[in-house]
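There are 2 protein chains.
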Amino acid sequence: MKDYAFGVDIGGTTIKLGLFETKGNLLEKWEISTITTNNGKQIMPDIALAIENKLKERNIFASEIEGIGIGVPGPVLDDSIVNKCVNLGWGIVDVAEDLRRLTGIEKIKVGNDANVAALGEMWKGAGIGHKNVVMVTLGTGVGGGIVLNGQIVSGCHGAAGEIGHIKLNEHEEEKCGCGKKGHLEQYASATGIVRKSQELLRDTNRNSVLRDIHHLTAKEIFDSARKQDELALEVVEFACHQLGLAMAHIADVIDPEIFVIGGGVSKAGEILLEGVKKYYTEAVFHTCEHTEIALARCGNDAGMYGAVKMIL
Amino acid sequence: MKDYAFGVDIGGTTIKLGLFETKGNLLEKWEISTITTNNGKQIMPDIALAIENKLKERNIFASEIEGIGIGVPGPVLDDSIVNKCVNLGWGIVDVAEDLRRLTGIEKIKVGNDANVAALGEMWKGAGIGHKNVVMVTLGTGVGGGIVLNGQIVSGCHGAAGEIGHIKLNEHEEEKCGCGKKGHLEQYASATGIVRKSQELLRDTNRNSVLRDIHHLTAKEIFDSARKQDELALEVVEFACHQLGLAMAHIADVIDPEIFVIGGGVSKAGEILLEGVKKYYTEAVFHTCEHTEIALARCGNDAGMYGAVKMIL
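If you read the protein sequences in the order shown, they are chains A and B. First residue of the first sequence: 1, per my numbering; consecutive thereafter. First residue of the second sequence: 1, per my numbering; consecutive thereafter.
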């Protein structure tokens, strides 16, 4: 194996890049902006340029690069082709082929961002020592990444790990971002948690410190729950219930060693973890009751770590 | 690879054995009884004897046997150790080691019966040409087997594919066989379908041909539904709804190429398949809406085929 490799995590606003030694340590990380105008046509050339500049700066030859791993926010087929990234303005893009042509580096592997983050947490975060990891990312939406036997599970339509769209409520009337109804994402994402609070505030006269907050966020709801605000506690309990139930479904299907919960909402910490564990244990098949559930540790770097791990 | 291999499927009443050429064709299949008395201690010696006799009968030397694959009705760890088979009277049994000692044949692989059946259907049945198959077995209970990238997914507690215990109803008051409540198995197994009919017959005054049947079976309920009996139609619709929803959950997690539905209840055929497809499509993440759903084709031989496939 050659000496160096790059991990690249393409997000909707920034692209995170890392230069790694192939023995595993991160030498340097940095970010560039994601230019999504003009159907995101500038994204691949920008990444190629960033890599080229870094090589020059550090006097590294392209021939010393083992490969480049890339995480993208959309479904990926054959470790290479991205099938629509709404956030980037992309239709069908052969990311691996494009970057190969632009950099001259042969070994390029592409993965869905949530899957790649799961790999990153397995390698350098909460999943260290495990080979069967499910990562749940609670942000604006709910994403999932699945690693079995050390390998990302992408699914035959690139849709494996789309756990935010597990249907939990057949009576929901509002639509999920995907167009269907009653999905986990509508209850356990930051957006979903805020929505549930607003519903309770609107439909009841109950007292709550949340009434005094103009622009409600999931963080404030968790903070208020920690201060024993009853309405906030109910909202948190509900989100934990839905997430615990969905995680039980996942365990009933693939029985992983560990669940890692990441994303902005996971900063809520223990109150989230304890609630999820309670409902997970209640719902899951008995032999999986003690499966570890942990908070993510790599933060925003999970994607970059996982991306390069695909190469190593 | 040597010339021959055995596939063995251990069930609660019979053990099915198959002698195969390692190029894949079945030479002969036969059955012996499962003796479950005395904690099932006789089972492994009986299998060893059946194999030994077959070798003598056909003038095949043990040295010409590539290996033996075995399916068992319980959770399996490390392709070898069975962790409690209630139906066989077993506690923890190292099936591979026992059979190695009894037969002198080195390569022994053990798999859960539902997982092994999935492998069998992939190899010789409805899943031919696919490498990512979920098999759903609807019998007295509901079992599941998962094959990803051609390999059985066992899970870290041997509980992967325990899809009969996906919790679908949080308001269920009766217990599932596993002790928890509201599981798929309570609605889509033969037992569950009969139970639902009995509930409707008991709790309503509705007319139904089912009222005239003394010992109601799932087969009679499906037959009556086909003849447009309204109550039977409602029961079938309900079972299809629950199964379709659970299969959507599975697709949201691992996005397989095909679902194969087997077991006694699957003999209901098209009425079951159409019902399940309707509710699956409604609930699943949109990119998985067209995933193939087919009826099993190997019947009772799926386990024997899958067992030997672990060796080949």
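Treat the hints as calculated values from the structure; they're not laboratory data. Just to be clear, a hint being listed does not mean it is correct.
Remember, identical chains collapse to one label, so a pair may be satisfied in a single copy or spanning two.
Unchecked claim - In silico DSS-like pairs for lysine-lysine, Cα to Cα no more than 25 Å straight-line:
| id | residue 1 | residue 2 |
| --- | --- | --- |
| 1 | 41 | 219 |
| 2 | 267 | 29 |
| 3 | 23 | 84 |
| 4 | 131 | 277 |
| 5 | 2 | 180 |
| 6 | 180 | 131 |
Right, here's what the structure says about each hint:
| no. | hint | in the structure |
| --- | --- | --- |
| 1 | 41 x 219 | neither (35 Å within a copy, 58 Å between copies) |
| 2 | 267 x 29 | within (23 Å within a copy, 58 Å between copies) |
| 3 | 23 x 84 | neither (33 Å within a copy, 42 Å between copies) |
| 4 | 131 x 277 | within (21 Å within a copy, 34 Å between copies) |
| 5 | 2 x 180 | neither (47 Å within a copy, 53 Å between copies) |
| 6 | 180 x 131 | neither (33 Å within a copy, 29 Å between copies) |
Checked against the numbered hints listed earlier, the structure breaks hints 1, 3, 5, 6; every other hint is satisfied.
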